[in-house]
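Generate coordinates for the entire structure from the input sequences, incorporating the hints supplied.
Numbering (numbering that gives the first Met the number 0), first residue to last: 0 to 723.
Bear in mind the hints are in silico, worked out from the structure with no lab data behind them. Any given hint could be a false lead.
Stated by the list, open to error - Below are the EDC-like pairs computed for lysine to aspartate or glutamate, each with C-alpha atoms no more than 16 Å apart in a straight line:
{"id": "1", "residue 1": "Lys-436", "residue 2": "Asp-320"}
{"id": "2", "residue 1": "Lys-141", "residue 2": "Asp-109"}
{"id": "3", "residue 1": "Lys-94", "residue 2": "Asp-82"}
{"id": "4", "residue 1": "Lys-94", "residue 2": "Glu-120"}
{"id": "5", "residue 1": "Lys-436", "residue 2": "Asp-318"}
{"id": "6", "residue 1": "Lys-255", "residue 2": "Asp-318"}
{"id": "7", "residue 1": "Lys-436", "residue 2": "Glu-351"}
{"id": "8", "residue 1": "Lys-255", "residue 2": "Glu-268"}
{"id": "9", "residue 1": "Lys-387", "residue 2": "Asp-335"}
{"id": "10", "residue 1": "Lys-323", "residue 2": "Glu-362"}
{"id": "11", "residue 1": "Lys-255", "residue 2": "Glu-229"}
{"id": "12", "residue 1": "Lys-149", "residue 2": "Asp-216"}
{"id": "13", "residue 1": "Lys-141", "residue 2": "Asp-74"}
{"id": "14", "residue 1": "Lys-255", "residue 2": "Asp-169"}
{"id": "15", "residue 1": "Lys-387", "residue 2": "Glu-351"}
{"id": "16", "residue 1": "Lys-270", "residue 2": "Glu-229"}
{"id": "17", "residue 1": "Lys-94", "residue 2": "Asp-74"}
{"id": "18", "residue 1": "Lys-662", "residue 2": "Asp-646"}
{"id": "19", "residue 1": "Lys-141", "residue 2": "Asp-97"}
What the hints assert, rightly or not - What follows is a list of derived Cβ distance ranges for each label pair:
{"id": "20", "residue 1": "Leu-622", "residue 2": "Asp-422", "range": "43 to 53 Å"}
{"id": "21", "residue 1": "Ala-383", "residue 2": "Gly-499", "range": "44 to 54 Å"}
{"id": "22", "residue 1": "Ala-463", "residue 2": "Ala-383", "range": "11 to 21 Å"}
{"id": "23", "residue 1": "Ala-213", "residue 2": "Gly-254", "range": "36 to 46 Å"}
{"id": "24", "residue 1": "Arg-465", "residue 2": "Gly-287", "range": "34 to 44 Å"}
{"id": "25", "residue 1": "Asn-501", "residue 2": "Asp-595", "range": "55 to 65 Å"}
{"id": "26", "residue 1": "Ala-463", "residue 2": "Leu-622", "range": "40 to 50 Å"}
{"id": "27", "residue 1": "Lys-662", "residue 2": "Arg-471", "range": "37 to 47 Å"}
Keep in mind it's a predicted model, so treat the numbers as computed, not measured. For each residue, glycine too, the CB sits at the ideal point set by N, CA and C.
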Amino acid sequence: MHANPPCINAAGVPDDAQRRFDELLAHLPAGVVMHDACGRVVAANRQALALLGRSEHQLRGAQADDAAWHFVRPDGTRMPPADYPVNAVLRTGAKVSDLVVGVPRPDEGDVRWAICNAYPERDGGGDVRSVVVCFTDCTALKYAEQSLHKSEERMRLALQGSTDAPWDWDLVTGEIYYSARWWEMLGYVPDARQVDVDAWVRLTHPEDRLRVLAFLDELLPGSRQAYSMELRLRHHDGHYVPILSRGFILRDGAGKAVRLSGTNTDLTERKQVEHRIHELAYFDQLTGLPNRRFLIDELGQILARNGRAGRHGALLFLDLDNFKLLNDTMGHDVGDLLLREVARRLRRALREGDHLARLGGDEFVIVLENLGQSPAEATAEVHAVGRKLLDVLAEPFELAGRQCASSPSIGATLFDGAPTGIDILLRQADLAMYRAKEEGRNTLRFFDPGMQAAVDRQAALSAALRTGIADRQFVLYCQPQFGHDGSLVGGEALVRWQRGANDLVAPGEFIGAAESGGLIAALGMDVLEQGCHALARWARAPCLRALKLAVNISVHQLRDPDFPHAVATLLAATGAPADRLTLELTESVFARNPADLVERMQQLRGLGVHFALDDFGTGYSSLAYLARFPLAALKIDRSFVQDVDHDPNASSIVEAIIALARKLHLATIAEGVELDAQQAFLTAHGCDVMQGYLLGRPVALDEFERHYGRPNAGTYQAASGSST
0 MHANPPCINA
10 AGVPDDAQRR
20 FDELLAHLPA
30 GVVMHDACGR
40 VVAANRQALA
50 LLGRSEHQLR
60 GAQADDAAWH
70 FVRPDGTRMP
80 PADYPVNAVL
90 RTGAKVSDLV
100 VGVPRPDEGD
110 VRWAICNAYP
120 ERDGGGDVRS
130 VVVCFTDCTA
140 LKYAEQSLHK
150 SEERMRLALQ
160 GSTDAPWDWD
170 LVTGEIYYSA
180 RWWEMLGYVP
190 DARQVDVDAW
200 VRLTHPEDRL
210 RVLAFLDELL
220 PGSRQAYSME
230 LRLRHHDGHY
240 VPILSRGFIL
250 RDGAGKAVRL
260 SGTNTDLTER
270 KQVEHRIHEL
280 AYFDQLTGLP
290 NRRFLIDELG
300 QILARNGRAG
310 RHGALLFLDL
320 DNFKLLNDTM
330 GHDVGDLLLR
340 EVARRLRRAL
350 REGDHLARLG
360 GDEFVIVLEN
370 LGQSPAEATA
380 EVHAVGRKLL
390 DVLAEPFELA
400 GRQCASSPSI
410 GATLFDGAPT
420 GIDILLRQAD
430 LAMYRAKEEG
440 RNTLRFFDPG
450 MQAAVDRQAA
460 LSAALRTGIA
470 DRQFVLYCQP
480 QFGHDGSLVG
490 GEALVRWQRG
500 ANDLVAPGEF
510 IGAAESGGLI
520 AALGMDVLEQ
530 GCHALARWAR
540 APCLRALKLA
550 VNISVHQLRD
560 PDFPHAVATL
570 LAATGAPADR
580 LTLELTESVF
590 ARNPADLVER
600 MQQLRGLGVH
610 FALDDFGTGY
620 SSLAYLARFP
630 LAALKIDRSF
640 VQDVDHDPNA
650 SSIVEAIIAL
660 ARKLHLATIA
670 EGVELDAQQA
680 FLTAHGCDVM
690 QGYLLGRPVA
700 LDEFERHYGR
710 PNAGTYQAAS
720 GSST
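What follows is the structure in structure tokens.
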């Protein structure tokens with residue numbers, strides 16, 4: 000198909016100019032289509048066929064209507080046939096310029112985009128005889144435009160949903176752009192302020208300004224292409240907004256910075272979260288005081304400062320007296336109120352430069368620095384501060400409408416420039432605080448090395464006890480018990496610590512350490528196991544089978560819910576007769592949860608085990624316990640027995656105990672019988688069983704068994720008081 004009908008010269012042959020024009024149209028990179036006055040296609044060049052996706056046969060005679068073309072507008076909507084370029088020219092007679100048209104190509108399954116220009120050709124009378132449509136393929140440009148639009152839309156949506164504020168600074172022209180969000184972040188109406196390069200500089204916090212400008216002076220001449228920094232910009236209402244500014248530096252071929260673009264992010268929320276995290280990590284939530292972690296960090300710096308200055312300081316450990324009792328009786332809410340009020344009073348009493356922290360519970364730590372160059376000066380200062388603290392906490396507390404009293408025990412330790420571990424200082428002050436409690440409470444005591452030495456000895460003893468229990472170093476001694484008729488009725492098991500071949504330790508030296516070190520239950524089970532083995536042996540010896548063995552048990556053992564089962568297991572494993580085992584306990588066991596203790600004692604009583612109440616009359620239990628608990632005997636404390644021969648009060652108490660026991664059908668056992676007069680008094684008043692040095696000293700268990708396992712060895716001569 001030819002673009003134009005060939006011009007015929009007079010001889011009927013196309014001239015050279017026409018041929019060259021046809022050849023030009025064939026190779027022209029733009030599409031050219033000619034329509035007749037009815038809008039039908041009469042000619043098209045090769046580029047037009049390719050762009051329209053039609054063959055010459057398909058295109059020739061095609062009408063410019065919707066059924067044939069389905070052109071689309073730049074926005075993707077269907078173009079009405081009346082707006083087709085050729086139809087627009089035929090309708091208006093005017094040319095169409097730079098119209099963007101989408102041309103669907105059914106065979107290729109795509110849309111090509113073209114920039115169309117159409118103009119009319121007129122005859123001699125001025126009527127349109129044809130329309131020439133020229134179009135240039137702009138598909139690549141259209142797709143680039145669409146991609147740009149999508150990118151811009153994504154950027155717009157991202158910025159709308161973001162708290163970031165874009166800005167741009169042309170370093171060559173000095174032109175700067177602040178986005179609407181940039182101004183809104185600072186509380187201003189966009190475009191309401193003068194837009195100039197120095198606007199952000201004027202809004203920068205004075206403390207940040209020099210730092211930020213110095214940063215830019217270093218950044219721009221360098222080679223970096225990205226940066227990030229924090230600064231504060233002044234808000235419209237006067238406060239400063241923490242900002243994270245991040246950006247990109249565009250550089251020319253020589254590396255010179257020509258453009259700076261970036262975003263500002265409001266860090267207010269993040270800073271608040273960071274502050275909250277810091278508070279949770281370093282401050283006590285109840286009182287608002289620094290916590291142990293903060294104190295330790297701060298104390299390290301304080302020690303360093305005092306060392307450099309050659310000054311003394313002090314650490315005070317303050318613990319409220321009887322705080323647990325207040326918590327238990329008035330409730331934890333009232334306890335919390337007290338702690339808050341104590342913290343408030345302590346802050347009020349201390350100097351500006353003093354440090355106060357709450358370690359937890361009712362424990363507070365105070366650090367004083369710059370107290371003087373000598374220990375004497377520092378000690379005097381600490382005494383003055385201590386008196387002030389004691390005074391402010393001595394005032395009554397109004398808590399939940401009730402008036403309460405509280406007092407502190409304060410321990411203090413000094414420090415100077417000498418290297419000292421923080422944990423050591425805390426431990427020293429803690430030890431001094433416990434000394435204050437031991438010496439009456441509501442007072443201040445200083446740490447001295449003797450306290451640490453005592454603690455070290457206690458720690459060493461606890462470690463040795465643990466090893467001793469594991470290595471079975473504890474052995475049983477047994478003291479005989481005799482009836483009022485002089486016959487041997489049993490013995491009391493007494494533990495000794497065989498630390499070495501010639502090192503036998505009495506219980507008074509280790510029982511307290513075992514209790515404080517949490518080892519008394521393990522030691523008690525060891526003793527009980529050895530006692531059960533002894534009873535099993537006695538059951539097979541004719542002279543010993545009738546004897547009972549009394550074994551002391553601790554409060555901790557009887558409070559253990561599994562204790563009855565453990566005793567039953569021991570009895571079964573050793574073969575010991577349960578009715579020959581007497582468990583001795585003190586009145587202190589009844590101080591807490593008596594109902595649980597009764598149940599456990601009943602379980603053991605069901606096995607046949609007996610119970611004796613040791614040191615009766617020296618504790619604080621109610622006489623009602625004697626009827627409530629399944630006891631078999633009362634042991635009269637040695638403090639009463641040793642005075643019965645010369646103190647009317649002691650003798651009256653012993654008589655009353657024996658009479659009370661008889662009424663309750665309980666046996667009586669007197670311990671500490673050392674004189675004939677004591678033995679005679681007890682016998683005369685009907686005491687059932689006696690033991691003491693007069694009758695028989697404690698001896699090793701195997702020696703006890705050898706001596707009393709012989710016929711006729713189990714008696715003593717009442718007149719002379721010597722055992723046989």
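Evaluated hints:
A C-alpha spacing of about 8 Å is found between Lys-436 and Asp-320, which places the hinted pair at or below 16 Å, so the restraint holds. Distance check on the hinted pair: Lys-141 and Asp-109 sit about 13 Å apart at the alpha-carbon level, within 16 Å; holds. Using a Cα cut-off of 16 Å, the hinted pair Lys-94 and Asp-82 holds, with the two alpha carbons roughly 12 Å apart. For a cut-off of 16 Å, the pair hint linking Lys-94 to Glu-120 stands: about 10 Å separates their Cα positions.
At most 16 Å may separate the alpha-carbon atoms for a hinted pair to count; Lys-436 and Asp-318 meet this at roughly 9 Å. For a cut-off of 16 Å, the pair hint linking Lys-255 to Asp-318 is broken: about 67 Å separates their Cα positions. Among the hinted pairs, Lys-436 with Glu-351 is inconsistent with the structure: their alpha-carbon atoms are about 29 Å apart, more than 16 Å. Our distance criterion of 16 Å between C-alpha atoms is broken by Lys-255 and Glu-268, whose separation comes to about 37 Å.
Annotation: proposed proximity of Lys-387 to Asp-335 is violated, straight-line Cα distance about 23 Å (limit 16 Å). A distance of roughly 12 Å separates the Cα atoms of Lys-323 and Glu-362; the hinted pair therefore holds under the 16 Å criterion. Proposed proximity of Lys-255 and Glu-229 is contradicted: the alpha carbons are some 24 Å apart, above 16 Å. A threshold of 16 Å between alpha carbons decides the hint, and for Lys-149 with Asp-216 the separation of about 37 Å lies outside it, so the pair is violated.
With a CA separation close to 11 Å, the supplied pair Lys-141 and Asp-74 stays within the 16 Å bound. Of the supplied pair hints, the one linking Lys-255 and Asp-169 holds, its CA atoms being roughly 12 Å apart against a limit of 16 Å. Of the pairs offered as hints, the one joining Lys-387 and Glu-351 holds, with about 15 Å between alpha carbons and a cut-off of 16 Å not exceeded. Proposed proximity of Lys-270 and Glu-229 is supported: the alpha carbons are some 12 Å apart, at most 16 Å.
Under the criterion of a C-alpha separation no larger than 16 Å, the hint pairing Lys-94 with Asp-74 is inconsistent with the structure, at around 22 Å. Of the supplied pair hints, the one linking Lys-662 and Asp-646 is violated, its CA atoms being roughly 25 Å apart against a limit of 16 Å. This hinted pair checks out: Lys-141 and Asp-97 have alpha carbons roughly 14 Å apart, not beyond 16 Å. Checked against the hint of 43 to 53 Å, the C-beta distance between Leu-622 and Asp-422 comes to roughly 49 Å, which is consistent with it.
A beta carbon spacing of about 52 Å between Ala-383 and Gly-499 agrees with the range 44 to 54 Å that was offered as a hint. The hinted range of 11 to 21 Å is not satisfied by Ala-463 and Ala-383, whose Cβ atoms lie roughly 43 Å apart. Checked against the given bound of 36 to 46 Å, the beta carbons of Ala-213 and Gly-254, roughly 21 Å apart, lie outside it. Between Arg-465 and Gly-287, the C-beta spacing of about 42 Å keeps the proposed range 34 to 44 Å intact.
As the Cβ distance of Asn-501 to Asp-595 is approximately 44 Å, the hint placing it in 55 to 65 Å is violated. In this structure the hint that Ala-463 and Leu-622 lie 40 to 50 Å apart at CB holds, the actual value being about 41 Å. For Lys-662 and Arg-471, the hinted distance range of 37 to 47 Å is satisfied, since their beta carbons lie about 44 Å from each other.
When the structure is compared with the earlier hints, violations turn up for hints 6, 7, 8, 9, 11, 12, 17, 18, 22, 23 and 25 and for no others.
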